[in-house]
Amino acid sequence: MTNPILELRNIRASYGSIEVLHGVNLSIGRGEVVALLGPNGAGKSTMIKVVSGLLRPTSGQLIVGGRDVTGAAANALARAGLCTIPEGRGIFPNLTVRENLLMATYSGHKLSDIEERTYARFPRLSERRTQLAGTMSGGEQQMLSLARALATNPVILLLDELSMGLAPLIVAELYQQVAAIAAEGVSVLVVEQFARTVLGVADQAVLLAHGKVQVSGKASDIGEDVLAGAYLGS
Amino acid sequence: MQELLTFTIIGLSTGAIYAVVASGLVVTYTTSGIFNLAHGATGMLAAFTYWQLRFDWNLPAPVALFITLFILCPLFGILTERFVMRGLQGTSEVVKLSVTVALFAFMIGIANWIWPSDSSREAFLKFYEGNKVSIFGINISWHKLITFGCAILVAIVLRLLLFRTRMGVAMRAVVDDRALTELNGGRPDRVAMFAWSLSAMLAGLAGILLAGEQQLNIEPLVLLVINAYAAAIIGRLKNLPMTFAGAAVLGLLDAYYLQFSDKSWFPQSVMGFGISGMRASIPTIVLFIALLARPQSRLRAGVVRIREQNKVPAWSTSVLGAVSLITIVVAISGMLTRSNTLLLLNGFTFAIVALSLVPLTGYAGQMSLAPLTFAGLGAIAMSKLPGDGNLLTLIAVVVIVALIGALVALPAIRLSGIYLALSTAAFAVLVTKLVFNQKQTFMSGNIAVPVLDIPFVEINSPRGRLILASVAFSLLGLGVVAIRRSRLGRRLIALKDSPVAAATLGMSLTRTKLAAFSISAGIAACAGALAGDKVSPQQYDFTQSLPVVLLAVVGGVGTVGGALFGGLMLGGNSVLATVVPTLKNVTKILPGTIGVTLGRNPTGAASQIADSFRSLANRWNLLAFAAAGGIVIWVLDAQYVISHWAFFIGGVFWILAVTPNLVGIMQTTTTRRMIASIYLGIGLVVAISVDWDNAVDSTGKRLIALILLIALFGVGAQRVTENAPRIHRSSPDVIGLTTDFTDEELDHAERELGVVL
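Listed in order, the protein sequences are those of chains G and H.
If you count the first sequence from 1, you need to add 319 to reach the numbering used here.
If you count the second sequence from 1, you need to add 8 to reach the numbering used here.
Simulated from the structure, these hints should not be mistaken for lab results.
Do not take every clue at face value.
[What the hints assert, rightly or not] If the Cβ cut is set under 8 Å, some of the chain G residues that face chain H in the computed set are: (1) Ser371; (2) Ala393; (3) Asn394; (4) Leu414; (5) Leu421; (6) Thr424; (7) Tyr425; (8) Ser426.
These figures come from a predicted structure and were not determined experimentally.
Using N, Cα and C, we set each Cβ at its ideal position, and we do this for glycine too.
Starting from the given sequences, assemble the full structure and let the hints guide the process.
Have a look at this one:
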């Protein structure tokens with residue numbers, strides 16, 4: 320933890336005049352997998368928006384790789400190696416699978432490389448390369464969105480609610496891929512409402528509630544009682 | 009046979025131009041969701057620019073073409089995107105469309121200004137004028153060949169661009185998910201700029217090709233290009249091959265009609281109605297059919313967060329407003345000259361037409377581009393029906409036009425958003441072209457609408473008609489308020505906010521839409537029926553409807569006050585042009601200029617002013633201060649310290665510039681409070697100390713000075729206070745949960761949550 324790759328210092332963020340994050344601190348070391356947990360409305364997705372650059376914080380600092388990037392545009396951060404898979408399905412439904420992968424070339428990788436790596440990992444996508452992405456099953460769509468993270472070698476990966484609307488079996492499969500990505504040395508911040516699915520993969524866990532970090536520590540130290548307390552508000 | 013072939017070629021070449029225009033339209037619509045009504049005007053402007061370079065300044069054609077198409081058009085596209093369209097994200101369809109209407113008006117204003125239509129100019133020649141080739145014995149000009157070539161080239165280039173390049177794929181990706189495009193590393197703003205540049209280039213190319221065939225005139229160029237909308241709709245605004253096919257069909261229909269209408273067997277009239285306007289209506293008819301053939305627009309689930317929101321009008325303020333409006337009009341109408349009375353009357357007529365949009369567009373969120381058409385129908389009905397203008401006739405007129413409104417809406421009702429707006433536009437064009445120019449309606453171009461005959465009151469002067477118009481507006485306005493506060497009003501709002509939710513609650517969307525349309529048509533009919541003077545069909549032309557719609561949206565189409573504001577602004581614009589001839593050109597672009605700023609303030613001007621006043625309502629000290637200031641200015645006038653004009657200008661400045669700023673001033677830091685106060689102080693001193701009666705020689709200039717004063721000092725002071733660093737407030741959903749709350753915070757939270765008005 321001497322040299323964090325991603326650091327949030329006292330971040331406040333709001334929608335209009337309604338503040339959602341009230342001073343959040345967080346730091347992720349190189350190659351670390353951090354799980355961001357919390358009940359509905361805790362501010363998890365807002366935090367992902369701030370880190371990815373989609374939402375400008377009202378105060379505080381966002382530091383990536385030792386550089387202050389507060390207020391940088393999301394597309395600039397993305398080209399610099401920050402890969403975000405947003406909530407829902409991180410794909411373009413009206414583009415074909417191949418065109419979706421073409422969009423990933425903004426990261427600086429060649430389309431042929433991206434295609435090769437994607438199809439090697441997910442052979443099913445290879446069969447569907449000319450199909451509109453929106454017509455695939457939910458699991459296949461989520462594979463496609465993960466493919467961007469797999470094929471472009473990001474420095475940091477942000478995952479927002481990967482499990483949303485998917486069968487548990489597929490979720491488990493996807494998290495295996497996340498573990499594989501992390502094994503390559505990518506730092507991962509993963510948001511999950513269902514804590515148990517993610518704690519097996521994560522090194523660290525941060526519990527967010529009411530826009531503030533309530534608990535943070537080793538993933539293995541976060542027990543059921545802590546989670547229950549935070550989720551049920553006792 | 010030979011003849012048929014010739015006309016086929018002519019038709020296809022017209023179709024080729026339509027195809028180029030329509031593809032530009034599709035490019036911006038698919039990438040930004042904005043249907044650019046100003047697309048044709050862009051082509052018009054490009055054609056004029058090319059003419060200027062090529063035929064006035066005698067540059068060689070390739071140079072002139074390069075400068076126009078590859079430098080100026082892209083630049084224009086970039087500027088449009090950056091300064092106009094970018095602000096429109098998250099606004100409703102109505103606002104988006106209005107902004108393009110504004111752009112349309114703005115460009116026509118610019119073209120009229122730079123290239124006045126009365127000046128004679130060099131001819132706009134075709135490419136390689138006079139050169140022809142003969143194929144199978146048919147002569148085809150090189151210009152037509154070039155036109156074909158351009159259309160084919162555009163088709164190929166667009167296809168490759170959209171499907172083979174990353175820029176093209178990104179253009180489609182932005183439509184799917186803008187945020188995700190950014191997360192991929194794409195730059196949506198750049199993509200949009202590229203799309204708008206490309207679209208401007210296509211419009212420019214088509215404009216130049218068309219001007220070669222049709223000569224250089226503003227109106228025909230703009231309207232002919234509008235015909236291409238039908239082609240774009242046939243392609244469902246996204247399918248390029250279908251768009252090209254549609255364009256070809258349109259071009260062919262036009263050419264064949266031209267060919268056959270010359271024949272002796274071709275009828276000159278159908279059932280006694282002349283069909284001279286038929287040719288010009290073909291694209292509109294095709295547009296109408298294409299719209300009706302569209303599948304029913306699907307209801308989208310999910311919450312649509314729209315930036316513009318209006319509060320429910322209270323009875324007390326509405327009645328107060330109506331009474332004071334009539335009082336003010338009665339008071340000032342005695343002081344106005346005859347011509348000023350007529351202009352103000354005109355403003356009120358527009359205000360009533362704008363009011364007709366409040367229930368339809370403001371409440372129900374349905375866009376209509378045909379309000380003046382219904383006013384025109386109202387005028388015709390009033391003059392044709394027996395009764396010579398008594399109240400019963402008026403009621404009959406309203407009922408008839410309301411029924412026509414419902415009848416028109418019936419087929420169009422399955423459409424929504426842009427398609428609905430276009431179908432009303434098609435209706436307006438058809439009525440203009442086929443009904444208003446019949447001898448049965450507007451006989452010799454003018455008809456006399458009888459003055460309303462009210463018992464015990466004789467209305468025979470312009471002043472009387474002005475007072476009648478203000479009373480009519482007030483009563484109709486109260487009626488609209490009553491609708492808003494009723495069950496129907498809530499249904500209209502529900503229709504706008506979430507058709508899905510409304511439908512799942514068991515509300516009939518069709519009936520609600522029909523009600524909205526017929527109420528709107530009825531109100532608009534009043535504006536025509538109360539004209540009380542000679543009217544001409546030009547007054548109710550489709551192109552005249554656009555500024556009304558625009559200014560209603562600018563004023564704030566969600567409120568009655570906004571309609572009044574918009575209508576008077578439109579009327580006032582012509583006042584400005586008559587009293588200050590030097591500003592005549594500025595007034596041409598004024599509505600457009602105001603309109604393009606809509607992106608910043610989608611609820612319109614009236615609601616913004618009303619908001620500032622509302623924030624005063626529960627602060628008695630400030631309210632007392634505001635009232636005291638007004639009394640002081642009035643006393644100064646009564647004691648002959650200042651002149652009437654100084655009283656008027658000072659008073660309006662106090663009401664519109666100082667009062668709305670009071671709350672802002674009280675809430676900010678001491679230094680900013682000082683600066684803003686000094687700012688307003690200077691403005692006020694100028695307003696009441698200048699010798700307006702002698703130093704400034706016309707009413708118009710005084711009014712302009714007043715507007716400038718308000719803009720400079722009022723808006724200036726607002727800027728000073730509003731940019732102040734906000735004092736940190738907790739979010740309403742944590743107050744009381746994790747922190748204690750103060751009274752002010754509770755106030756704020758209630759306002760944020762919309763609990764208090």
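Fill in: Evaluation of the interface hint that places tyrosine 425/G against chain H, nearest CB under 8 Å
Holds: closest Cβ of chain H sits about 3 Å from tyrosine 425/G, inside 8 Å.
**Asked** Per the CB criterion, is asparagine 394/G less than 8 Å away from chain H?
**Response** Interface hint status for asparagine 394/G: holds (5 Å vs cutoff 8 Å).
Item to check | Restraint satisfaction for serine 371/G [CB to CB of chain H, less than 8 Å] | outcome: Holds. Min distance 6 Å.
task: Let me know if the C-beta of alanine 393/G comes in closer than 8 Å to any C-beta of chain H, holds or violated.
output: holds, 4 Å
| Does the nearest C-beta of chain H fall within a distance shorter than 8 Å of the C-beta of leucine 421/G? | It holds, given that the least Cβ distance between leucine 421/G and chain H is near 5 Å, below 8 Å.
Check your understanding: Is the hint on serine 426/G kept, meaning its closest Cβ partner in chain H is under 8 Å away?
Key -> holds, 6 Å
Does threonine 424/G pass the interface hint, meaning its C-beta sits closer than 8 Å to a C-beta of chain H?
For threonine 424/G, the interface hint holds, since the closest Cβ of chain H sits about 6 Å away, which is under 8 Å.
Restraint: leucine 414/G near chain H, CB-CB cut 8 Å. Satisfied or not? Hint holds; leucine 414/G Cβ to chain H Cβ min 6 Å, cut 8 Å.
Hint compliance for this structure: every hint is met.
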